[in-house]
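Keeping their order, the protein sequence lines are chains H and G.
So the mapping is simple: the working numbering equals the position in the first sequence, first residue as 1, plus 124.
So the mapping is simple: the working numbering equals the position in the second sequence, first residue as 1, plus 16.
None of these hints come from the bench; they were simulated from the model.
On a predicted model such as this, the values are computed, not experimentally measured, just so you know.
Positions of the beta carbon are idealized from the N, C-alpha and C atoms, including for glycine.
Don't take each hint at face value.
Covered stretches of chain G (chain H as the covering partner; in silico rule of three or more C-beta atoms under 8 Å from a C-beta of chain H) [said to hold, decoys possible]:
id, region
1, 59-65
2, 230-238
3, 318-324
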Amino acid sequence: MSAGRDAIMGGLRRALKRGAKVADAAAQEAVDQRLSDIQRGLIPARAQIPPRAQVDLFESMAVEQAATVVRIASLDEVPAALADFLKGNNLAPKLRLAPSPELENLPWDGQPLLEVETGRAQDSDQVSLTGAVAGIAETGTLLLASGPEAPTTLNFLPENHVVVLKASQVVGAYEDGWDRLRESHGPGQLPRVVNFITGPSRTADIEQTIQLGAHGPRRLHVLLVEDTDPENGR
Amino acid sequence: MEPSPRAFKANAREAVQDPQLKRALAHVKVGFIGKRAKAVARLPEFDALRDAARDIKVHTLDHLDLYLERYEERVIAQGGQVHWCPSADDARAAVLDICRRVGAKTVTKGKSMISEEIDLNQHLEANGITPVETDLGEYIIQLRHERPSHIIAPAVHLTKDLIEADFRAHHSHLPPERSLEEPRELVEEARGILRERFLAADVGITGANFLVAETGSSIIVTNEGNGDLTQTLPKVHIVIASLEKVVPTLEDATTILRVLARSATGQEFSTYTTVSTGPKRPEDLDGPEEYHVILLDNGRSEMLAGPFREALHCIRCGACMNHCPVYHAIGGHAYGWVYPGPIGAVLTPALVGVEEAGDLPNASTFCGRCEAVCPVRIPLPKMMRHWREREFERHLTPRAVRAGLRLWAFLASRPALYHWLTGWAARLLALLAGRKGRLRSLPLAGGWTRVRDLPAPQGRTFHALWAERQRRAGK
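Just need the whole structure built from these sequences, with the hints factored in.
Encoded structure:
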C-alpha cells in the first residue's frame, strides 16, 4: 500500500489508541455489525402515512418546490400528456426518450407530429422523458437511477425534464427508496448514479433571490400515473 | 490559499466600514435565518434528528480507521481508486498527475471547500491547466480573482450591480447593449457560457458531502445541477474530500441529509442529491470512464486525538456563520482563510496553527447562537474558549491582556477586595457619565469608545443586589 495511506492510517490508529487486542476486536465487530445489519434512523412521522396520502403529499411537496404534476389514468396516456406539455410551454415537438422498453413501447404513433429519438441526451435536446425508481413523499423528491435504460445526461442537459412516475412507485421516506434499490441491485450495490431530484434546477447566488434553471432543467414535469386502486392505494 | 488570519483585526476594521459589504450582508441576516427557522418549525423531529446526526458522527469518528478501510475496499470493488493524501501538497500532486496522464486542458469544477483549502486552482493554472468553477457563486468570484466569503454562498458579499459589471467586463464577446438588470438575465448568461465549458472539459472535479462506507459512494448536494454536469460529461471524475466525510451507511447519510439543507438554506431538501459509485459501467450510455477519490487528511487525524475532535462533526451547512453577529458585521473575507465564522474560528487554528490564527477564537461574544443552531451540536463556544486558554498557556496572548487578566485574577480570588473595588468603580463611572449615562472616552477602554459610547453602570453592583435579596429572603 502507498506511503500516504500508511501515514494517514498510522495517524488515525495513534489518535484512536489502537493496538489493544480486545478493544480492537470490539471496534471491528461494531463496524461489521453496523454495515451488515443496516438499521434505519429516525423517520419523520410526516413520511409514515397510508399509500394514498403519500401520493397526495408527494404531489403537494413537489409542486411547492416548483415542479409541475399532472395525473393520468394509465401509461398509455403518456404520449398525449407529453404533447400537451410541449404545446402548453410553446416547445418544439421533439423529444429525447430514455431507451427503456416500457417507455419506447408506449403508443407514440398517436402523436404523428412528435419527433422521438432515444438514447443519451445531446446538448441540443430541449426535452427529455425518463422513468423513475420511486417518488418520495416526504419532500416531493424523485429517485432516479442510472443504467443502460436511464442515461444520467437526460436528467440534466435538456431544459425540460419530464418524468413518468407511477403511483405504485411512491413511497414515504428516502429509506424506502434505498430498500427498493437494494432489492433490485443487491445489498451494498448501487447503480453508478442515484439522483434525488426535488424540483427544477435553481440558484440563489445573486442576492439570495431564487432563479430557476441555473444549469440543469428549468422545468421539471411529473406525469403521475394512477396505477393503483384509488380506495386503498395498493 | 495563503492563510492571512494574522491580519484579522485590520481586515475586520476595514470590513465594518465598507457600505457595499454591509448592504450585501444584510441578505444573510434576513434570508438564511428566517428560512431555516421556517423549515425547522415544519419538522417536529428536527431536534431529535440533530441528536441522531451527532451520534452518527461520534460513532464514525470513534471507528474512523475501520470505516475508511471498508470505504476504500468498496470503491476499488466498483472500479474506482482512492488516493490517500496526508497533506495539501500530496492532494494537489495527485490531482495534477491524473490530469496530466489524460492530457487534460480544461477542468470543470463543482463547489468544493477542500479545493480552496489545498489551493487547487492556482496549482492547476501554474501547470497549464484551466480550472473552470461552475457553481454560479464560485464562477463569479473566480472572475473577480476572489475567495469565497461563505462556505455555501460564496458570493454573498457581492451585490447584483457588482456582478453585472464583472459580466460586462469578462463576457466582452456579447453585445454591450444587452440588458443585465435582472438576476434572471445574469443567471441565463452564465448558463450559456458555462454550458460550453461543461461540454469541452476533459476532467470534472467535485467535492463530497459524504463518503459512504457501505457502498463506496460519494454524495454531493447542489441546487444548480452544476455538480452533476461536472461529473457526468468529462471522461474523468475526481472527487476531493477530507477523511471525516465518511459515514457508515446510506441510512446514516440520509439522517444527516434531513438536517443539512434545512440548516443551510432552509430548504426541505436540496434540489439535487447525487450518489455516485465508481466509473461508467460497460452497458452505460454516459458517465466518466475513470473515478478517483482524493482523500485528504491535512491535520485532521491530529484533531481526532485532542479536544477539537468534535469540530470534525461539521457538515459544512453554514448555519453557525449565518447566525453569528460577528460574521454579520464583517463577512467572511476578514477571517483570512477558507473557513469563516464560528467554525472557522475553531478549524483555522487547528489546521494552520494557533500562532497564525489566534485572533479568530477571540472574535466572539460567546452569545452561543452558533451552538444553538449547529445541526451536529458542535460546542463551538467551548472550543473557542479552549483556544483562548491555549494561547494564554503558550504566551501568545498580548502582554497588556495578560497583565489585565492577571490583575483580574488577583482581584477575583479576593472577594472582599473585589466587591469593594467594583462597587466604587461603578459609582465613579456613573458619576463621570453624568445625566446622559454614557461615556465618550475612558482610559484603557479606547478600543470600545473610539467607535461608540460606553454605557455607564447604573445603580449598585450585582453582588450588592444579590446580597440584599438573600437578606430579605432570610427574614
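Results of checking the hints against the structure:
1. 59-65: This one holds; 5 residues, not fewer than the three required, reach chain H with a Cβ under 8 Å.
2. 230-238: Since 3 is at least three, the answer is holds.
3. 318-324: holds (count 3)
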